[in-house]
Structures are given as C-alpha cells and as structure tokens.
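Participant: So you can see what is in the structure, the chains are spelled out below.
Number of protein chains: 2
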Amino acid sequence: MTETHTFKYDLQAQDGRARAGVFHTPHGDIPTPIFAPVGTQATVKSLTQRHLHELDAKLILANTYHLYLRPGDDLIAELGGLHSFMGWDRPILTDSGGFQVFSLSDTRKVDEDGVTFKSHIDGSTHRFTPESSIAIQENLGADIIMAFDECANPYERDYIEQAMHRTHRWAERSKAAQTREDQALFGIVQGGVFPELREISAQHIASLDFPGNAIGGLSVGETKDEMHAMIELVNDILPQDKPRYLMGVGTPQDLVEGVRRGIDIFDCVLPTRLARHSAAMTERGRLNMMNAQYARDERPISAHCDCYTCQHYSRAYIRHLIQAKEMLAGTLLSIHNIHTLLSLARQMRKAIQAEAFDEFAYHYLANFED
Amino acid sequence: MTETHTFKYDLQAQDGRARAGVFHTPHGDIPTPIFAPVGTQATVKSLTQRHLHELDAKLILANTYHLYLRPGDDLIAELGGLHSFMGWDRPILTDSGGFQVFSLSDTRKVDEDGVTFKSHIDGSTHRFTPESSIAIQENLGADIIMAFDECANPYERDYIEQAMHRTHRWAERSKAAQTREDQALFGIVQGGVFPELREISAQHIASLDFPGNAIGGLSVGETKDEMHAMIELVNDILPQDKPRYLMGVGTPQDLVEGVRRGIDIFDCVLPTRLARHSAAMTERGRLNMMNAQYARDERPISAHCDCYTCQHYSRAYIRHLIQAKEMLAGTLLSIHNIHTLLSLARQMRKAIQAEAFDEFAYHYLANFED
Chain B
25 MTETHTFKYD LQAQDGRARA GVFHTPHGDI PTPIFAPVGT QATVKSLTQR HLHELDAKLI
85 LANTYHLYLR PGDDLIAELG GLHSFMGWDR PILTDSGGFQ VFSLSDTRKV DEDGVTFKSH
145 IDGSTHRFTP ESSIAIQENL GADIIMAFDE CANPYERDYI EQAMHRTHRW AERSKAAQTR
205 EDQALFGIVQ GGVFPELREI SAQHIASLDF PGNAIGGLSV GETKDEMHAM IELVNDILPQ
265 DKPRYLMGVG TPQDLVEGVR RGIDIFDCVL PTRLARHSAA MTERGRLNMM NAQYARDERP
325 ISAHCDCYTC QHYSRAYIRH LIQAKEMLAG TLLSIHNIHT LLSLARQMRK AIQAEAFDEF
385 AYHYLANFED
Chain S
25 MTETHTFKYD LQAQDGRARA GVFHTPHGDI PTPIFAPVGT QATVKSLTQR HLHELDAKLI
85 LANTYHLYLR PGDDLIAELG GLHSFMGWDR PILTDSGGFQ VFSLSDTRKV DEDGVTFKSH
145 IDGSTHRFTP ESSIAIQENL GADIIMAFDE CANPYERDYI EQAMHRTHRW AERSKAAQTR
205 EDQALFGIVQ GGVFPELREI SAQHIASLDF PGNAIGGLSV GETKDEMHAM IELVNDILPQ
265 DKPRYLMGVG TPQDLVEGVR RGIDIFDCVL PTRLARHSAA MTERGRLNMM NAQYARDERP
325 ISAHCDCYTC QHYSRAYIRH LIQAKEMLAG TLLSIHNIHT LLSLARQMRK AIQAEAFDEF
385 AYHYLANFED
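Just so you know, the protein sequences line up as chains B and S, in that order. Counting in the numbering used here, the first sequence runs from 25 upward without gaps. Counting in the numbering used here, the second sequence runs from 25 upward without gaps.
Careful, some of the hints might be misleading.
Identical copies look the same in the list; a pair holds intra-copy or inter-copy alike.
To be verified - Simulated crosslink set (BS3-like; lysine-lysine; CA at most 30 Å straight-line):
(1) K142 to K349
(2) K248 to K142
(3) K133 to K349
None of these hints come from the bench; they were simulated from the model.
Let's have the full structure, built from the sequences with the hints guiding it.
Facilitator: Here is the structure:
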C-alpha cells in the first residue's frame, strides 16, 4: 500500500563513545545527537509550527495514548495522518502508549496479551495490545514508531524480569503486526536497574534487527549512577549502525552524559513543563523567572542566547507576564527552553565531528551552578 | 526634555463621510481607518510581537489602569518606556485609566478632583486625577495618550450631564498637565445617548484643539441606532483635520458602520477575548470552533483568509486543540480574529480611496449570517 523505505543510519563521526550521524526518514533527515520536543496532544504546548521551524526542531514526539483517546487515531488517519493534521512537515516519532498507560491511568490490568486501562479523561475502559498499538501508530503515520512495552518499577526485580520477558514477546508481536513500510519501528530495551536483565534485554532486542533501538524504563526514579551504568551496558550490546534513543530524558546534564555514552536521540517534556512553571533553562542552570530580583532586570534570560525570546524580551518583561498570569510567558519560556536543548544537541554534534567532545562536555558541565 | 513633535493628520481621501488618512507619530505612520488590537497588560494576549508584525498591526493599545497597578509605570519608565519594555517598535495608544476604574473596581468615589478606587488585584486603595493619569501615561510613553474622563451609565441623564461637565474640566486639566511634546493627547467626547449633551461635549472638546479626538461612552449598553446617531452627530462637529477614535468598538459590523460615519480609529478586546472562548470571527459571522460539526472538517476557518492560522491549520485541528484544552487554540484564533478586523480596515481604506465605500459596505454586511 505504502512506498517501501529502507531506514538507514549514517554514522558520520565518533569521539570516544559519542556519535554523530544522520537518520534518514520519509519526512527528512534527522542529524544526531538530537533532542525531540514533545507534542503530547499533537501540539508542542503553546508553540506554532513556525516557532518550531525557527528553533530548527528536526524531530518532534507525539503520544499515542493521548491521541488515541482524543481526537482518535481514526479521525487523524481520515484527515491524512499526524503530519497533515498538525501542520508539521518534518519527522515525527510516536511512542507506543505503554508508558502513559502505566503512568497516567489509575487502574490497569496487564496480562500476556495486553493491558486494559481506564481513560484519565472520562474513566472509560480501553485495551492496548502490541497489535493495536501498532495499528494506532500506523493510523497516526509518524516516521518513527515504537514497539509496545511495559515500563515497570525499576527496583522490583522479580516483576521487572517478568515484565521484561513480556516486553520481548510484545516486541516480536509489534514487529509482526507492522504493515506499513514507511515507518521505522524501534525496539525498546527494559530491565530496570539490574545489569543482568539489561544485558539479556539488549541482546534480545538487538537480535530482532529493528532499524533503531530505544532504552526505556530509565529516568523513572533510579539514581544518575544507575542510569549511566545501564546506558553504558546496553549501548555496548546494541548495534553500532542503528540509532539509539533514550526515552523521556531529560536535563541538559542528562543529554551530555547520554551522548558521552553513545545515545543519539532524546525526548522530554521538561522544557515546556518548566516553562509553564516559570522556570528558564540556561547553560548555567535553572532560573525561577518569578523571582523579585528580575523585576527591573533589562537583560535577556541568557546573555549569549540567540533564541527569539532572548533577542526580543527582557527578564523584567517575562517576570511581568508571569506575575500578570499572561499566556505569553509560557510561550516565550518554551521557546527559550527548547532552544537551550536543541542548541546543546547541535553543539555536541559539532564537538564530536571536531573530536573535541570530552573538552566540550567538561566545560559545559563545569558552567552549571546547580 | 523630549523632542518637539507636531502631530499631523493627512486626510487623503473621502467617500461620503468615510475617510482615509495617515496620522504621523514618533513610532511610525498610522494609516486610517485602523483597528488597534488591545494589549491590556503590555501583551496582546497569547501573541508574540512577531505575530503582530506578520498581521501588520500598525497600532496597539495598552491599559494605563492595569500597568499602573502591575508592574507599575515607574518600573516601565525606568526600563525605557512601554515600547522598549514590551519589545514593540510601532505606535502605541494608552487609555487614561478612567474606563477601567469605572468598570473593574468594585468601589470607587468620584469627586471634582479625581477618583479614589480599590485595586481589583489586591483591594488596595488608589487615586487617579487628570494630572496623575497624564503623569502615568508620560511614564508609559505611548504615542497617543488620552485625557482623563468619566464613563457613566449612558441612560442616567442628570448624572451624565454632571459627569460630562466634569470630563470637560478634566480634559482641560489633562491638557495643562502634559509635559511631553512627543505624545499626542486626545480629548474624549461624552454625553451618553442624549443628542443635546453630545453636541455640547463635541463642541467643547473640539474647542480645546487636541491633535485628535475620541468618542467615549458608547458600546456600553445602548442600542446600535443610538450609537450610530451619536457618532453622526459628534462627527459633524469634530474637526475634519484631526483623527477620530471610537473607543472600545468593536465588531466587524461596528467598524463598517463607524467608518461610514467618519470614524478613523477603533480598538476592542473582542478578537482576543472571543479567541479565548473558542469563537472565530469570519466575514460571514462567528463560528463556535468547539462545535462537533468541525471535528473532521479539513477546511481552514475561512476559505479565502490569508492569515497564518488559515494558511496552516484546519478547523478539525483547532477544534481538537480546544477539546484538549491546549493553549495554542487561543493563539491561533487570536491571530485569525485580529486578522479579520485588520484586513477589514485595510479593505475599507482601499474602498474609500477608490470611492467605492458604500458598495464595499453593502456587500460586506450582506454576507453576514448573524
């Protein structure tokens, strides 16, 4: 039905474990390392697509769980798919819905076949299986889609092991369920904070030969040391010639530490969520723009930032908007915060190409005050 | 202290009573007829200045009452004035604060000298006089500022007459209080719905030789026929060589009927307020974008509209954003609604220059379904 597409990842440079490359998709090339802003409900909150183009976002994420419930994946398919629906002509990634079912739904019941859950909107009962998750994601039509997985409490060893094996079976079923050839289906490694489980999971997922692989179940409560250890272990096993996606991460420091350990793709709601809570992400740490010290501060949020917000507005004005409960505050902070992470990804890419990643990382992290 | 500026209005074309002209200000020319979007708290709600530039807004309004209370006119003056504070380099108009004191404050006490009122934010007590209103507006630094006036219930004849005479004395005091020569101070005609009072007021305000004149106290509960009669009566008295500003108006129909009767400048919160309540203003009337009939409607809000929203987004997507309570809905509808009024003003200007205003007005109004 749809055109055949071979998903190719060109590894262009390596510096230690850090990688620079390009992943080719039907809606354009994704240069890596890359950060993907999150548009949960088919909108990166408060931003027009023009803002995202000006930020030079190359990849955005949308959530299958939310779009399935509202407006419905069938409606989006009828209107030509997610790109057409939301007016975004560059690559999109959809998650499988698994993570949201486990984090947003009050009650859910997992069985071998799938998960039954209640909608957080109206309490109605729904069911996801690997097959239905793929069918929904095919309706949505993103460039990168994800295998259906279970993200369990990272410290419950016995349950994590069961859930991991189920996730492997679901990965195989997800792959078998795929009918569109123009979407890259990524597998997801699970296994909590347990090295022996992560090793098994990485080997199993690698063996399924997905065009890309993701690490799930991190940044969900474990320590940074545990997260870093799991990333290193898994990336030593995952194939070099496929992109590696660390799901739901994260802070600027997390991006640097992830790239240092061979991660290529990140996504996180952090920049837009912090923006709605009056926080600015800067290369020296977070600023609470509500703070009275900014009331008469004529400087931009960040001295050397070239985002639209910093080029046009002062800290004093942004603080006023926050105090006055004006929507524009969230828009301006979202632009700045997303720029901070996209710009960091671009700087890391350049540093890797210049074989100067360690030096870049050292100076970037030394600048942080928090 | 500030450079001398003679405020000149060039009347370029007339068609019946409808006028096309240019009002010259320190921050640029204002072609008339013009609609000024309202940025109550130094922000046209939900829009960046780039949106406003793309809409080609030539004049925006900010509210003295709100900015005096928060963040404070002294703070704005310290940061270089309103243009610098809000990052807007084109003309700005500030009102006198009078209307908000009478409409927003629960308790206020008018005496000959001024008005004592309580803040709608924290209940603290404040006082405006003609002198303090002008001093605040000089701190804000808009291109057009307004004499301090009282906007009373349009049907209470005895009180309206008293308030009108007080407004005349306040207009003289406002003029005497002005120290900056780079701001055009406009007088305001009052007098409710009573022709004999409006006539007295128009003659008095005209005699004070302001560089521009406004009609206040309309669109506050009177009938359309009453409003139209008052506009005609007042505009027959106000000087031809000064711009005429109808305050707080309005709808597309009001703009057409106002221009037909010689009005040059309009402002209203309607386009942004309707946007926040899910309503789209179109040349055929209002659409409630929440309506289920738009769920799968791939068309833009208006078929022939060239605004950013209509060029990039469908009715179905906008309805989804509203249903999902996403901020972007308000932004996209604000862009479209403001465009509708700015575009109407531009079309009327062209029609007047082509001596085809009546024909334009007839066809424009005939299109409306509400």
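Participant: What label fits K248 with K142 when the C-alpha limit is 30 Å: within, between, both, or neither?
Facilitator: neither (32 Å within a copy, 52 Å between copies)
Participant: Is it within, between, both, or neither for K133 and K349, if the alpha carbons may be no more than 30 Å apart?
Facilitator: between (40 Å within a copy, 29 Å between copies)
Participant: Since the copies are identical, ignore which copy is meant and state whether K142 and K349 lie within 30 Å (CA to CA) inside a copy, between copies, both or neither.
Facilitator: So K142 and K349 pass the 30 Å test across copies only (20 Å; inside, 33 Å).
Violated hint: 2 only; the structure is consistent with all others.
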